[in-house]
Amino acid sequence: MQSLFRTRVSKRRFFYIILVAFFFTFSTILFQHGLSSPTFYTPDEIPNKPSLFIAANLYNNEPILKYWMTEVERLARWAGPSRVFISVYENGSQDQTKEILASWRDRLQDMNIPHSIVTDDQPKFTTDSIRRIVTLANVRNQALAPLFDNTNGSSSSSYDRIVYLNDIVFRLEDVVNLLDTNGGDFDAACGLDFFGRFYDVFATREIDGRWVGSGDYPYFVDETSQKLLRQGQPVPVYSCWNGMAAFATEPFIKHHLQFRAILPKEPEPPVEASECCLIFTDLRQVHKDARVFINPKVKVAYDLLHYWYARTILPLWNPIMLLYNHPNHHMENEKEAEWTYHVHKAYDMGVDERDYTCLQPR
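Just remember that this note's numbering sits 71 ahead of the position in the sequence shown, which is counted from 1.
Everything labelled a hint here was simulated from the structure, so no lab data went into it. Yeah, the Cβ is synthetic: ideal placement off N, Cα and C, and Gly gets one too. Honestly, I wouldn't trust all of these hints.
[What the hints assert, rightly or not] Each pair of labels, with its calculated beta carbon distance range:
#1 Pro-152 to Tyr-418: 44 to 50 Å
#2 His-397 to Arg-148: 43 to 49 Å
#3 Arg-362 to Gly-151: 38 to 44 Å
#4 Gly-255 to His-401: 36 to 42 Å
#5 Asn-399 to Asn-183: 37 to 43 Å
#6 Ala-173 to Arg-362: 25 to 31 Å
#7 Arg-148 to Val-189: 19 to 25 Å
#8 Met-402 to Lys-298: 42 to 48 Å
#9 Tyr-412 to Asn-253: 26 to 32 Å
All chains should be built: construct the whole structure from the sequences, respecting the hints.
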């Protein structure tokens with residue numbers, strides 16, 4: 072009996088070893104494929120390349136920065152060095168980010184690529200009395216500042232699109248796919264960002280203005296949105312950001328759109344709102360029919376591991392999630408009552424009711 076038991080255990084252990092070995096080999100192949108093959112388009116397949124104002128904020132990004140800079144350079148060469156402007160605002164980094172950016176500034180100069188690379192010693196978050204969102208809105212505006220300053224060669228009339236990049240892992244092909252969202256017919260477009268799950272649910276709102284139903288596939292409550300997602304088609308949304316966003320430049324210039332926070336002087340408001348959601352509220356105030364999409368073909372992440380995971384493992388896992396995950400907007404009565412109380416308190420403190428869509432519990 073003991074011999075039979077040991078035989079069964081040995082067979083089971085052998086099976087697990089084979090399974091792990093297979094998974095490791097398969098994952099390695101997928102990893103190599105995921106970082107070497109283009110997403111859907113090669114750069115030359117997009118006609119009428121738009122001119123680009125590329126904006127970014129960086130902080131303590133030494134581990135991915137050289138990779139990030141390489142892809143931005145590829146993007147600049149794709150658009151054409153004379154048809155692109157790179158604006159980076161960094162502040163408070165404690166690693167080698169400042170030094171790397173200083174060297175990159177010289178390299179961009181040698182490549183004749185117009186740019187503004189600003190490194191600031193001011194801490195990322197200065198005091199406890201200044202909220203994170205207030206600071207983020209400010210640094211995002213710093214990165215956009217050259218767009219409105221004609222003295223540095225970044226004349227706003229020269230650029231068709233703003234491409235705003237977070238400190239993400241991406242490839243040129245991801246940006247090209249993003250710019251071709253809906254055949255290039257959009258006012259704003261985003262990809263999907265991942266840190267295990269879909270990450271930026273704070274800034275994203277579904278087409279009806281409600282919160283995203285789930286951080287797991289199929290993400291959206293709206294059935295039409297789910298269908299478009301399954302088909303790999305652009306999904307209309309109220310707002311998004313997701314690590315990388317492209318905008319039509321004209322509304323920003325014509326109406327001087329800026330990132331902002333609700334109740335910027337209040338250290339502890341009853342609710343919060345992402346500056347990356349509020350920019351869409353302001354965009355929709357000046358452009359009622361703004362066409363905003365999430366392009367599910369574009370997947371980015373914040374390190375190489377999760378970039379690989381999003382491109383290789385998630386497509387295998389998503390069909391299972393589709394069967395078992397059912398996104399919803401359900402909120403328990405007690406929490407809904409508490410939420411309503413905090414919202415009305417925010418209104419009493421001066422929050423504009425038009426910002427309701429972007430509000431979020433603290």
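Against the structure, the hints come out as follows:
{"no.": "1", "hint": "Pro-152 to Tyr-418: 44 to 50 Å", "in the structure": "49 Å, holds"}
{"no.": "2", "hint": "His-397 to Arg-148: 43 to 49 Å", "in the structure": "45 Å, holds"}
{"no.": "3", "hint": "Arg-362 to Gly-151: 38 to 44 Å", "in the structure": "26 Å, violated"}
{"no.": "4", "hint": "Gly-255 to His-401: 36 to 42 Å", "in the structure": "37 Å, holds"}
{"no.": "5", "hint": "Asn-399 to Asn-183: 37 to 43 Å", "in the structure": "53 Å, violated"}
{"no.": "6", "hint": "Ala-173 to Arg-362: 25 to 31 Å", "in the structure": "39 Å, violated"}
{"no.": "7", "hint": "Arg-148 to Val-189: 19 to 25 Å", "in the structure": "23 Å, holds"}
{"no.": "8", "hint": "Met-402 to Lys-298: 42 to 48 Å", "in the structure": "25 Å, violated"}
{"no.": "9", "hint": "Tyr-412 to Asn-253: 26 to 32 Å", "in the structure": "40 Å, violated"}
Comparing the model with each earlier hint shows violations of hints 3, 5, 6, 8 and 9; every other hint is respected.
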